[in-house]
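Asks: Read off the chains here:
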Amino acid sequence: MNTLQQTILTNKNNNLSVFFTAGFPSFESTKEILEILNTTDVDFIEIGIPFSDPLADGPVIQHSSTVALHNGMTLERLFDQLVEIKDQISKPYLLMGYLNSLLAFGIENFYRKCNESGVHHIIMPDLPVNEYLEEHKPIADKYGVSPVFLITPATSAARIKEIDKISKAFIYLVSGNTTTGNDSSIQTEAIQKIRKLHLKNPLIIGFGIKNKSDYSAACKLGNGAIIGSAFINKISGSTDLQNDIQEFISQIKE
Amino acid sequence: MKSETQTSHGFYGKFGGAYIPELLFNNVDELQKNYERIMRSGEFKKQLNALLKDYVGRPTPLYFSEALSEKYKARIFLKREDLNHTGAHKINNALGQALLAKMMGKRKIVAETGAGQHGVAVATACTLLGLSCVVFMGETDIARQAPNVARMKMLGATVVASMSGTRTLKDATNDAIRYWINHADDTHYIIGSVVGPHPYPDMVARFQAVISKELKAQLLKQTGDAEPDYVIACVGGGSNAAGAFYHFLKSKKTKLIGTEAAGKGINSHQTAATLMVGSVGIIHGSKTYLMQNKDGQITEPYSISAGLDYPGIGPLHAWLHETKQAKYYAITDQEALDAARELIRLDGIIPALESAHAFAVLPKMKFKPTDVVVINLSGRGDKDLDTYLKFI
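Top line first, the protein sequences correspond to chains A and B.
Heads up: take any position in the first sequence, counting from 1, add 3, and you land on this note's numbering.
Heads up: take any position in the second sequence, counting from 1, add 1, and you land on this note's numbering.
Simulated from the structure, these hints should not be mistaken for laboratory data.
Being a predicted model, the structure only gives us computed values, none of them experimental.
For glycine and all other residues, C-beta sits at the position ideal for the given N, C-alpha and C.
Some hints here could point you the wrong way.
Stated by the list, open to error - On the chain B side, residues computed to face chain A include the following (Cβ under 7 Å):
| # | residue |
| --- | --- |
| 1 | Y20 |
| 2 | Q33 |
| 3 | I182 |
| 4 | M366 |
As the list claims (entries may be wrong) - Restricting the straight-line Cα-Cα distance to at most 30 Å, the calculated cross-link-like pairs of lysine-lysine (BS3-like) are:
| # | chain 1 | residue 1 | chain 2 | residue 2 |
| --- | --- | --- | --- | --- |
| 5 | B | K15 | A | K171 |
| 6 | A | K168 | B | K34 |
| 7 | B | K295 | A | K168 |
| 8 | A | K203 | A | K15 |
| 9 | B | K295 | A | K196 |
| 10 | B | K295 | A | K145 |
| 11 | A | K89 | B | K295 |
| 12 | A | K34 | B | K295 |
| 13 | B | K34 | A | K164 |
| 14 | B | K295 | A | K140 |
| 15 | B | K15 | A | K199 |
| 16 | B | K107 | A | K140 |
| 17 | B | K107 | A | K196 |
Please put together the full structure from these sequences, using the hints given.
Replies: Have a look at this one:
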């Protein structure tokens, strides 16, 4: 069992994760944000690989991607930054991105680099489960990397069970049928139904989680939450990342 | 013998598939499960055929061009898709999908558009069938295609400016897909070409296949043989070419020719010739050739013709190209303008700039005098008058 699984199980229902895009607001801020988050009460961290065409994302994350690419961020440079800093970060971190970035980097190369950079889990929303099993799993396993899959309140029970079987750390439960950062409310009833499936993996809720009350709701329904757009809004234009990030996290998790 | 066109998972060889976030899974799954059944049903066929005939004006004529035949020493026929209602082949797909959406119980339509031709066709189909219509269009394109924006609005569509990315067709497509994610229950997404996740490439090709279906009957009547020696069509995403090729995909006789937009030249970095300069990756949920940098970021295409200005290409064409079942040429802006001028002066037809790219391949080909050559004249050039006035 690696540290992400231990972390999530230890925290039971109170996991808090934040998402930020690598290379935003500045090229060098990836490392700075990781270092600051490492001192907060955040439990694990998601780092976004900036992509030109992020289909599942709303305007805030799209914009952060555009800025990051403008700042010169690439997957290769992100891996370099992670290799430099990995020994100083004790909290688990994952990569989240789109399949085209992985394919352009090369499948084997990507998983090898993940391993060297301290990344043991990835989130690729457009990687189909079948294709993962057939073309990625043997290589990903070799390098100790496993994917986290998304489900929504509309995903069928059969499909959720299939995803539960092949998932290792947690299942990413999207709050509703929405792109990231929308003002949609958490679909409570549908999520309670999913809980009754008695899955082996914890459920971490994301998309549209923006404040303490959303977070508390997610902790009651699932095993915690991921905050993306609201966190990116907080660091966008920040002149004091240290202070702003600490303030944001302490407001969510007192 | 050409191999099977598609497998059940929507792959043409290694191209195609459905690389979509889970958020889209149910939308796409519902469509995958229903489109073939509905398209095969007698009621759907009856309604669509009646609309194509009486509303769109099909069958479109197959016109023998004496002047082009004389010049290029072959028997050259033009398939007149430019004579369709709304001015291009786009209406074949827009009307088909709008009717399909209605039969699936949807009340709203979302679409993307680049130059506005697909947007106008969708807005028209929605008005006719009583569906509400939202069209995403890049902010940059809205500024340079004002007449089509006005047409869509007049037809009652809501035109939304895409402010993401580079604010052109690929971004309008992203935003239309995002809108679909956020309005899954009552909305159908009408994609404008043979691109996107399965079943779109197959479904759109089938709606456009009416072109080659008519061609076979017309050729048989006019030449005595249903199969021509060549079919030539321009390719952006590739829907008019897919429709013109469709019933000849298994023909041993017919050679299939596609023409991409080279823009200012395939080595100029201002090009939309995806097969020539692109590499394999994922765009809009489909594995195909696309224009990207080495980090996998999708790059902005360029062509004088807004309708060919797409950084990807339908997976059917990627597969036909890789297996050499069709041959693709790259046509520069200048070559397309020269071909347009020639068609205007010789035959009195003002073609769309997109379609002019198909005609521009004629000087590059070597025909036998007996060869029957069909050029798919996919659209009319009214929308391109400003460009023509400036350059020819």
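Asks: Give a verdict on every hint.
Replies: A quick look at each hint next to the structure:
The closest approach between the C-beta of B/Y20 and any C-beta of chain A is roughly 5 Å, which is under the 7 Å cut-off, so the hint is satisfied. With a cut of 7 Å, the hint placing B/Q33 at the interface with chain A is violated, because the nearest CB-to-CB distance is about 13 Å. At its closest, the beta carbon of B/I182 sits 5 Å from a beta carbon of chain A; the interface hint therefore holds under the 7 Å criterion. Annotation: B/M366 was flagged as interfacial toward chain A, and the flag is violated, the nearest CB pair being 35 Å apart, outside 7 Å.
The straight-line distance between the Cα atoms of B/K15 and A/K171 is roughly 29 Å, inside the 30 Å bound, and the hint therefore holds. Of the supplied pair hints, the one linking A/K168 and B/K34 holds, its CA atoms being roughly 25 Å apart against a limit of 30 Å. Pair hint B/K295 plus A/K168 does not hold up; C-alpha atoms about 35 Å apart against a cutoff of 30 Å. Between the alpha carbons of A/K203 and A/K15 the distance comes to roughly 13 Å, so the proposed pair stays at or under 30 Å and holds.
About 44 Å separates the Cα atoms of B/K295 and A/K196, which puts this hinted pair outside 30 Å; it is violated. A C-alpha spacing of about 25 Å is found between B/K295 and A/K145, which places the hinted pair at or below 30 Å, so the restraint holds. Distance check on the hinted pair: A/K89 and B/K295 sit about 25 Å apart at the alpha-carbon level, within 30 Å; holds. For the hint pairing A/K34 with B/K295, the CA-to-CA distance comes to about 24 Å; that is within 30 Å, so the pair holds.
About 21 Å separates the Cα atoms of B/K34 and A/K164, which keeps this hinted pair within 30 Å; it holds. The straight-line distance between the Cα atoms of B/K295 and A/K140 is roughly 24 Å, inside the 30 Å bound, and the hint therefore holds. Restraint check for B/K15 and A/K199: not satisfied, since their Cα atoms lie roughly 39 Å apart, outside the 30 Å limit. A threshold of 30 Å between alpha carbons decides the hint, and for B/K107 with A/K140 the separation of about 38 Å lies outside it, so the pair is violated.
Of the supplied pair hints, the one linking B/K107 and A/K196 holds, its CA atoms being roughly 27 Å apart against a limit of 30 Å.
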